[in-house]
Amino acid sequence: MEEILKVNNLSKRFDDIVVLDNLSLTVKKGEVVVIVGPSGCGKSTFLRCLNGLEDIEEGEVLLGEEKVNPNKKNLSKTREKIGMVFQSYDLFPHKTILQNITLAPIKVKKRNKAEVTEEALKLLDRVGLLSKKDNYPRQLSGGQKQRVAIVRALIMHPEVLLLDEITAALDPEMVREVLDVVLSLAKEGRTMLIVTHEMAFAKAVADRVIFLENGKIVEEGSPAEFFDNPKTDRLKRFLETFSYEK
Amino acid sequence: MGFEVLLKGNNMLRLLGGLGVALYISLISVAISIFLGIILGALMTLKNPVINAFSRVYLEIVRIMPQMVLLFIVYFGATKVLGLNLSAEVSAVIVFSFWGTAEMSDLVRGALSGIDTIQYESSAALGMNTTQTYFHVIIPQIIRRLIPLSINLITRMIKTTSLVMMIGIVEVLKVGQQIIEANRKSSPNAAFGVFATIFLLYFLACYPISLLSKYLEKKWEN
Amino acid sequence: MDFNVIKDYLPLYIKAFMLTIKIGWIGIALSLGIGVISAFILHFKIPFFSAVVKVYVELFRNTPLLVQLFFVYFGLPKLGISISAEACGALGLGLLGGAYMAESFRSGLGAVKLSQTESALALGMKKGQLFTSVILPQAITLSVPAVVANLIFLLKETSVFSAISLMDLMFTAKDLIGLYYNTTECLFMLVIFYVIMLLPVSILGSIVEKKARFKMFGD
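Quick note, the sequences are listed as chains A, B and C, same order.
Residue numbering for the first sequence follows my numbering, beginning at 1 and increasing consecutively.
Residue numbering for the second sequence follows my numbering, beginning at 1 and increasing consecutively.
Residue numbering for the third sequence follows my numbering, beginning at 1 and increasing consecutively.
Hints were generated in silico from the structure; no laboratory data involved.
Careful, some of the hints might be misleading.
Stated by the list, open to error - So, partial list: chain B residues that the calculated Cβ filter (under 8 Å) puts toward chain C:
#1 V69
#2 I73
#3 F192
#4 F199
Beta carbons: idealized from backbone N, C-alpha and C, even for Gly.
Take the sequences, apply the hints, and build the full model.
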């Protein structure tokens, strides 16, 4: 299978603190990679490095043949191919749901408005929010806003989708509706990098799970290996924090 | 350019004295405003319909009426209507206090209502009585919000004191005019130098205070 | 209160009112223009001009309008620059207002959440598109409360125009009181006209503020 995203020896520092330590990773087309780890271990920072929202001190990120470089002029072009959904969804409050979705394709990809609208409506229908197309973000619940945020990223036809703890800020009863959308995306073969701490979800959606601690990859494996047969002590201890067995 | 007139005699000193009058009026008015403002602000949180109606009208009057108009009303009007012969200084303090109290009470009301009831409840749950709650929990939180805003009010009052020259108080602008008039022949360009200096004096009076306010606001943002 | 006196003085007050309104709103328009340009300069951190704007804003926010007017009207002619009282009033108000508006717009721009910028960038938007489609509309809405407060403030400040002999409402009132001693009537009319000038703005302002708040925050 074709390699879509390659990370080579990525290192990042905030002042003197090493946040990401010599990380290397390859993601194949259609693969769903889930990253888990303790808070503050650099998971979100890692995703943000992948689309140039953060500078990197060493190493490189390659999307296909192109390097992702925060300082280069073609960064916005590269970003069209890497979609990202944030924990805080951040829909544009002054625009309707439909406008939120169609803004980027029209302005950035210069696509035809009618065509974009048609696709947007199809996608909204798919996530069950067609009736909300003329509402404003303030009228939607957290789970609904997050589903819109996913659609907004999808309509740019990215090659890779980055999902950064997208259910962390949601009320529990809304988490499911969002994760169901992600599961369906995985089924249709989307390449995704997901940061989450919903362990059951990780097990269900991932092709590969990675444990990140202190900016280093400690262990990785298939969901079965990862959750049922953790090899390292650190991963064992981490997984224990999610269960209440005595 | 007229600056030389300031070096004559004690002209500079007189100018500073004029500024002193401005500061004097501001400080007294601010003190009165804080005192009355806290009382009124606390009263406004009681959700009494009479107090609410009264304070809404009061605040709207202060919001709309230029201070100059209020000065005229008090200074010229009090004599005619109430038969009182108020000095210009007293009129100024009355008007500024009227203005300041309105603003302070609004600030206090805002600060008090910004504190969740949960704070009162958890204090009570810990066994504190009302006085202790106010003293140790509520008041420290309000003070942090109030101080930068109060400093902002002081700065605005200092600037507004320039208006009192219009009812005859000899503050810095009036002194400036006197100096210019007295030196008409010898320094024909005194107007430029004198007013430029007054401009600078006000700036030097207000800018440090506003810097202090910004610094405190940043420091206490958390 | 003698209503005949009021009837007699009415034309004078109306004339003064029109003058105040005219110069006041010209000054306000000027202040909005200066404010917007200054805010842009500060937001985009344009070298040299940023420093100029910063100095301008601090100078004019920390000095009273009256002093500024005296300086321009009485002081500048000594350097050979003389302006009419009306122009001086409008200019003074514009410069003072500009400093306040600059601060209001700049903080509006700064209040737009960083995460909005990041979402837009993540979608591949360029800086220019980001600014016009995402940041600017939100900044304008966020600036509304401060701008409304400034408008009311500036309209009130017009009351000092009498100091440079502009025949505005204050001048008229003072003049008439001095001449005929009908203090009560004069003051009464003075108050009425300022209420006419400012109350509609205050009420409209509150409505616009509420609408803007709802648009941004939904409450």
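Item checked: In rising order, the numbers of the hints this structure does not comply with -> none
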